[in-house]
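Asks: Sequence:
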Amino acid sequence: MTSDHPSSSASSSNNQYLIDLEKCGITTSNNLRELLTTCSDPVECIREFQQRNSIQCPSLRPVMKLLDLHGIRRTEYHEAVFADLSDKIINKLRSFGEKPTPENVSKLEQHLERSFRLYRAPKIRPIVLETLAQLPKITDRYLKLIICDKEFYDQCSLSVKQQIWIKNESLFSEAIEPVLDAYIYEKERLLLSAAIGTDKQSNFFTSESWKGRRQKKHIQELVSMVGQRDILYGRITHIIRERFLSTANPNYCSLHFELLMATHDVNMEFLVRVDPCHDFAWCLDACAKHHRAKLIDTQQMSKLKALSDTSKKGQSKVIAQMSLIAADPHILHMIASAAVKTIRDNAFSVNPMKPRDLSSVHLMVKMLLMGLNAKDLLTEQKQLQQLMDPEIFTVFLAAFTSMIVQDAIRAELANAPEEVTDLFHSERQICPRPPSLDHFLSSNSACALLWLHYLALGDPLPLCPSKRRPFELSLCYLEILPELACQMAFADPHWSHLLTHRLLHCPSIFSYEPTSALLIRHFFIPQLHKVPSVKFHLLHLCVQHCSVIPAELFALAFDSLLPFCTENEKSGAEVDEALNFSIEFDKFREQLVTLRQQIKEKANIGGKNDGEKREMENNEEEEAGMEEKKESEGDDKEEEKWKKRGSGEEPEEGEIEDDDDEEEE
Numbered sequence: 001m002t003s004d005h006p007s008s009s010a011s012s013s014n015n016q017y018l019i020d021l022e023k024c025g026i027t028t029s030n031n032l033r034e035l036l037t038t039c040s041d042p043v044e045c046i047r048e049f050q051q052r053n054s055i056q057c058p059s060l061r062p063v064m065k066l067l068d069l070h071g072i073r074r075t076e077y078h079e080a081v082f083a084d085l086s087d088k089i090i091n092k093l094r095s096f097g098e099k100p101t102p103e104n105v106s107k108l109e110q111h112l113e114r115s116f117r118l119y120r121a122p123k124i125r126p127i128v129l130e131t132l133a134q135l136p137k138i139t140d141r142y143l144k145l146i147i148c149d150k151e152f153y154d155q156c157s158l159s160v161k162q163q164i165w166i167k168n169e170s171l172f173s174e175a176i177e178p179v180l181d182a183y184i185y186e187k188e189r190l191l192l193s194a195a196i197g198t199d200k201q202s203n204f205f206t207s208e209s210w211k212g213r214r215q216k217k218h219i220q221e222l223v224s225m226v227g228q229r230d231i232l233y234g235r236i237t238h239i240i241r242e243r244f245l246s247t248a249n250p251n252y253c254s255l256h257f258e259l260l261m262a263t264h265d266v267n268m269e270f271l272v273r274v275d276p277c278h279d280f281a282w283c284l285d286a287c288a289k290h291h292r293a294k295l296i297d298t299q300q301m302s303k304l305k306a307l308s309d310t311s312k313k314g315q316s317k318v319i320a321q322m323s324l325i326a327a328d329p330h331i332l333h334m335i336a337s338a339a340v341k342t343i344r345d346n347a348f349s350v351n352p353m354k355p356r357d358l359s360s361v362h363l364m365v366k367m368l369l370m371g372l373n374a375k376d377l378l379t380e381q382k383q384l385q386q387l388m389d390p391e392i393f394t395v396f397l398a399a400f401t402s403m404i405v406q407d408a409i410r411a412e413l414a415n416a417p418e419e420v421t422d423l424f425h426s427e428r429q430i431c432p433r434p435p436s437l438d439h440f441l442s443s444n445s446a447c448a449l450l451w452l453h454y455l456a457l458g459d460p461l462p463l464c465p466s467k468r469r470p471f472e473l474s475l476c477y478l479e480i481l482p483e484l485a486c487q488m489a490f491a492d493p494h495w496s497h498l499l500t501h502r503l504l505h506c507p508s509i510f511s512y513e514p515t516s517a518l519l520i521r522h523f524f525i526p527q528l529h530k531v532p533s534v535k536f537h538l539l540h541l542c543v544q545h546c547s548v549i550p551a552e553l554f555a556l557a558f559d560s561l562l563p564f565c566t567e568n569e570k571s572g573a574e575v576d577e578a579l580n581f582s583i584e585f586d587k588f589r590e591q592l593v594t595l596r597q598q599i600k601e602k603a604n605i606g607g608k609n610d611g612e613k614r615e616m617e618n619n620e621e622e623e624a625g626m627e628e629k630k631e632s633e634g635d636d637k638e639e640e641k642w643k644k645r646g647s648g649e650e651p652e653e654g655e656i657e658d659d660d661d662e663e664e665e
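With the UniProt record's numbering applied, the sequence shown corresponds to residues 1 to 665, in that order.
No false leads were slipped in.
List of simulated lysine to aspartate or glutamate pairs, EDC-like, C-alpha gap at most 16 Å:
1. Lys137 to Glu98
2. Lys602 to Glu552
3. Lys600 to Asp559
Please keep in mind that the hints were generated in silico from the structure rather than gathered at the bench.
Whenever a hint applies, use it, and build me the whole structure from the sequences.
Replies: Quick look at the structure:
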């Protein structure tokens, strides 16, 4: 029962359980009240009531007198006896549940039949709850009654709720949605945390182990809610799939993978039968053992190839389900990193193969396409075979490998003697990005992801400044970022985090004004209002590189971020996100405001000096103009004088004196 007024609800519940006791022939306070209002001798009435409702055991009578002498009230005595008996009954019920033989199950059912009518009585409810918890299967009539009483439903054990959830899907959704929301929130909070990026060896993908992620609180809570019920597991995966399709949030793919493997860890045998992705996920989890070395085991690669080839057998639905696992950002990161390393190792091997002949790279690109197009595969808008463009292997990988080799040569030349580097000076100045790559980077998501991982893990973005490594080359790599397919460099916070993590440790990139302007002015700032995670990344970069970012660009970035901490009109989900950014900004506010003020003061001083300089230049120009004017007037007078002489006119007095002076001279 529910009520807007808790006191009235409690009173109603109290009256109801008293009625239940009376129906079972148990005397209640209502009966005592009625007796006292109708009896002629209240003292005698109370004495008879106590005798009739006391514990009917003759051997206890001497003890009762002893308790009276010690001042122990009868209420305390009866409550102690009831508590002791309740503990003994509950222990007995648990012993029946530990050995669920037909005889014990029958005893539990009989006990439930006798006690369930009194579930509203506070003292008896724990016994009813324990009886329900120990029964392997509860009849529907009890489940329906439990659903009608929300307070009683909330107090039931998980095993009882699981039986209710099987019958009532809406209650199951209501129970798991807060857990799903909490999981997603925690993932996003971790993704935007500034604490991860400050450690060069740690980012979102390496801050937790693969096994540690599925041992987190929310995953274990979901596993316990599912229990041994394969129907509930199927429902929860369906809810995760629907949420992914409606939001396109890849964290739901991480949730699916971690839930599957956590359920696998507790030996849920039904997984093999219920989830067609079990073997695929298990192989990927086995590959993760070598993920820090960016390698995939050959044996597991063979198993993955056999599983992914089911698309050739017409099992497109199985591939679609597998794509939900492959879309986990951790798996995409593992595969893309391994693919880049495999291509690089092959290029520098003694007997290199053509990139198109590397079967392992073929498989990894295929799995990348599966994961990056999971939504289209699940909705059957695309088929995997349609995504496998042959030119990826014949054109893109060839150009990509060539670029990697050239970058390696440039890195070697940077450490070579000057007489060697002078011979290759012209080659070192050429843009390393082949034009043939641009089409694939802007149209194919798998190629774009490989490019991002090469930037984040390879040589293009130097950690330390070097005169022998021109910054124009880094600019050549970075300028394609806004054009990547699906806006991958900033639309997905996982890959923008990976890129930002690399940039956080590349101060030389921000000390060079063209690359700094490209990233701040043309990459991050235009996306501030479109992608929530971008402002966090720009904030962390400004804090990390405040000493090397050009003053004008730092001021621009600061002024662009400031409105996100002062906007008051926020609604819905934006409130939490805005508050989180305000909290993050406040960690560095004093430092950033001080730097911004210093830049402003320098600009004012510079402007004042420029004004004084311009004023001095104007004064000098005016003085020069006046001198030129005087010289011009003198020339005009001289010319007029000679004209008068030529015409025979009498010169003026001043003019004659001047002439006489000239003659004397």
